[in-house]
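A.B. asks: What follows is each chain in one-letter form.
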Amino acid sequence: MDSGDASGYSAGVDDDYESLLSTTDAELLKRAWRNEKAAPEILQYETALVQRSREQIQLMEETVEEFSKNGVDPLTLSLYQMDLDRTLFLLRSYLRTRLQKIENYAFHIQKNTDLWNRLSKQEQKFAERCIDDTEQHLDQSVLSKLPHGFKSHLKQSSLSLADDMVPEPQLDQYVICRSKKFLGSFQLDDSGEEPVNIEANDLYALPYKSIKPLVESGQIDLV
Amino acid sequence: MASQSDNSVAFSAAELEFLAEDEMVEIVPNMRMEPLNLISGDFGPFRPQIAAQVPLWLAVALKKRGKCTIRPPEWMSVEKLTQVLEAERDSEKFQLLPFHYVEISRLLFDHAREDIPDIYMVRSLIEDIKDVRFHKIGTGLEIISKEVTYALRLKNLSAMEANIVRPFVTKALQTFHKLNTTEAIPESGSIPNRQRQAVNQRDKRVLKGR
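Chains G and E, in that order, are what the protein sequence lines are. Just so you know, we're using the UniProt record's numbering here: the first sequence kicks off at 1 and counts up by one. Just so you know, we're using the UniProt record's numbering here: the second sequence kicks off at 1 and counts up by one.
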C-alpha cells in the first residue's frame, strides 16, 4: 500500500511536537527497541538516536569513573551504574535484534535498495559478509555438487522466474500495536475489510503491512 | 535458532519486567541524597520522610538497601482491587488497570512486601483478577472463529496478557486472513482486486471486532 494513506492523520502535529520535546532519548530508544523487536521486517536505522545514546553512555561512563575516584558514596555510584546498565542493555538489544534480522534476510535486504538503505554503514558491512559467507557455504556444501541449472543460491532452478529461495519477512503477519492518540477510522488495505477505529491507548492486533506507514511515521507503536 | 522476526515471541517475561521497571512509583526515603541526573531522567533530591517519585527499578534498588519505603500505587489498595474484581466479574469488558499491573505488583510483592498493607488480601485479589481476566480472554478469543475478523481490538488488555495471547492471536488472525484472501483471488483476478482496494480505502465504517 502506498504511504500516502498516513497523510490523512496529520491532525495534532503540535501535540507531536510537544511530546517530542518532552520525550527523552531514553524513551525514544525504548520505543525504537520495541518497534524493532515486534516488526517482522527491518526498520530504518535510528542513526541520530543511536549516536546520541552512545554519547550519553560514554559521558555517563566517565561520570561513574570520576565518582569512583572521588569517593562518591557507593550507593549513588551503584545507582548511576544501574542506570547505565539499563541503557546499555537497550542499545545492545536494539542492535542485536537488527543483526538477527539481517542474518535471516540478508539476500532479501540486499536485493531491495529501500531496505538496504535502512541499514547503517556497519550493518551493511555485516550484511555483505553474511551474504558472502552464506553463498560460499551453500556453494561448497551443496550447490556445486548439483546438476547444472540448480546451482543458484537464489533460485530453485534456472527455470524459476523469481528468486524463490530467498527468505523474506512476512509482512502480512499480525502485530499488536498501540497509538498514543486517536487516529480515527483506519482502512486496512485489503478489499472487503471494515475500517478500524483506532482509539488512543488501546491495543489492536492488526496486519503489519497495513499499519506500516503509521509505524514509520511514529504515530503508532508496536507492543 | 528461534527466529527473531517471528513476533509471536516478541518479548520475554523478563523484557516486559524490564519495561515495567520504568513505571513511576512514590517512595519515602530515610536518607539524604543529592539529585540523580541519570540517562533515564533526573530524580531527587532525596530527603528523609519527604516523598519522591522515582522509577520502579530505582525504588527497588533503594528498598533492597533499606534506604526507603515504597508507597504502593493507589490501584493496589484492597478497596480499589475489590471494586475492580467485582466489575471484572460483572462485565464482559476488561477493567482499566495499569498496562504493567502484573509486573508491577509482582515486583512489589517480591521486594517490598512489608510496605503493602494487607498484602495477603491484595495478593489474592490480584490473583483473582488475573484469573478472571484470563478466562475472559479465553472465551473472548472464540470470537475470532465465529465471525470474520480482520482486526482485533484488545481494549484494556495489559502488557503481560497481550504478550501471552500474542502467539495464538496473531497466528490465528493471519491464517483466517490468508484463507479469506486466497478465496477472493480466483473470482476477480489480482488486478481488478487491487483497483477495488483503492476504492475501498475511502470507505469509513465502524469496526465490529470485539
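Rather than coming from a laboratory, the hints here were simulated on the basis of the structure. Among the clues, some could well be false.
Unchecked claim - Sample of chain E residues with no beta-carbon within 10 Å of chain G, all distances over it, derived:
#1 R65
#2 V78
#3 H177
Claimed, not checked - Partial list, derived from the structure: chain G residues whose beta carbon lies under 7 Å from chain E:
#4 T23
#5 A38
#6 M60
#7 L79
#8 D83
#9 L88
#10 D114
#11 L115
#12 Y174
#13 L188
#14 V196
#15 A200
#16 Y204
#17 A205
For every residue, glycine included, the Cβ atom is placed at its ideal position computed from N, Cα and C.
A.B. asks: For each hint, tell me whether it holds in the structure or not.
C.D. replies: Status of each hint after checking the structure:
1. Separation of E:R65 from chain G is inadequate, the least Cβ-Cβ distance of about 6 Å not exceeding the 10 Å criterion.
2. At roughly 27 Å, the least C-beta separation between E:V78 and chain G is larger than 10 Å, which holds for a residue marked as non-interface.
3. In this structure E:H177 is not separated from chain G by more than 10 Å, as the shortest Cβ-Cβ distance comes to only about 7 Å.
4. Given the 7 Å rule on beta carbons, the hint for G:T23 is violated: about 11 Å separates it from the nearest Cβ of chain E.
5. Nearest Cβ of chain E to the Cβ of G:A38: about 5 Å, under the 7 Å cut. The hint holds.
6. At a threshold of 7 Å, the smallest CB-CB gap from G:M60 to chain E is about 6 Å, leaving the interface hint in force.
7. With a least beta-carbon distance of about 6 Å to chain E, the hint placing G:L79 at the interface is held under the 7 Å criterion.
8. Annotation: interface hint on G:D83 holds; nearest CB of chain E at approximately 4 Å, less than 7 Å.
9. With a cut of 7 Å, the hint placing G:L88 at the interface with chain E is violated, because the nearest CB-to-CB distance is about 10 Å.
10. The interface hint given for G:D114 is broken, as the beta carbon of that residue sits about 17 Å from the closest beta carbon of chain E, more than 7 Å.
11. Given hint, G:L115 at the interface with chain E, is violated; its Cβ is 13 Å from that chain's nearest Cβ, farther than 7 Å.
12. For G:Y174, the suggested interface contact is upheld, since its CB lies about 4 Å from the closest CB of chain E, less than 7 Å.
13. Residue-level restraint check for G:L188 holds (minimum Cβ-Cβ distance to chain E is 6 Å; threshold 7 Å).
14. For G:V196, the suggested interface contact is upheld, since its CB lies about 4 Å from the closest CB of chain E, less than 7 Å.
15. Using the Cβ-Cβ criterion of 7 Å, the hint placing G:A200 at the interface with chain E is not satisfied: the shortest such distance is roughly 12 Å.
16. The interface hint given for G:Y204 holds, since its Cβ lies 5 Å from the closest Cβ of chain E, which is under the 7 Å cut-off.
17. For G:A205, the interface hint holds, the least distance from its beta-carbon to any beta-carbon of chain E being 4 Å, beneath 7 Å.
When held up to the earlier numbered hints, the structure conflicts with 1, 3, 4, 9, 10, 11, 15 and fits the remainder.
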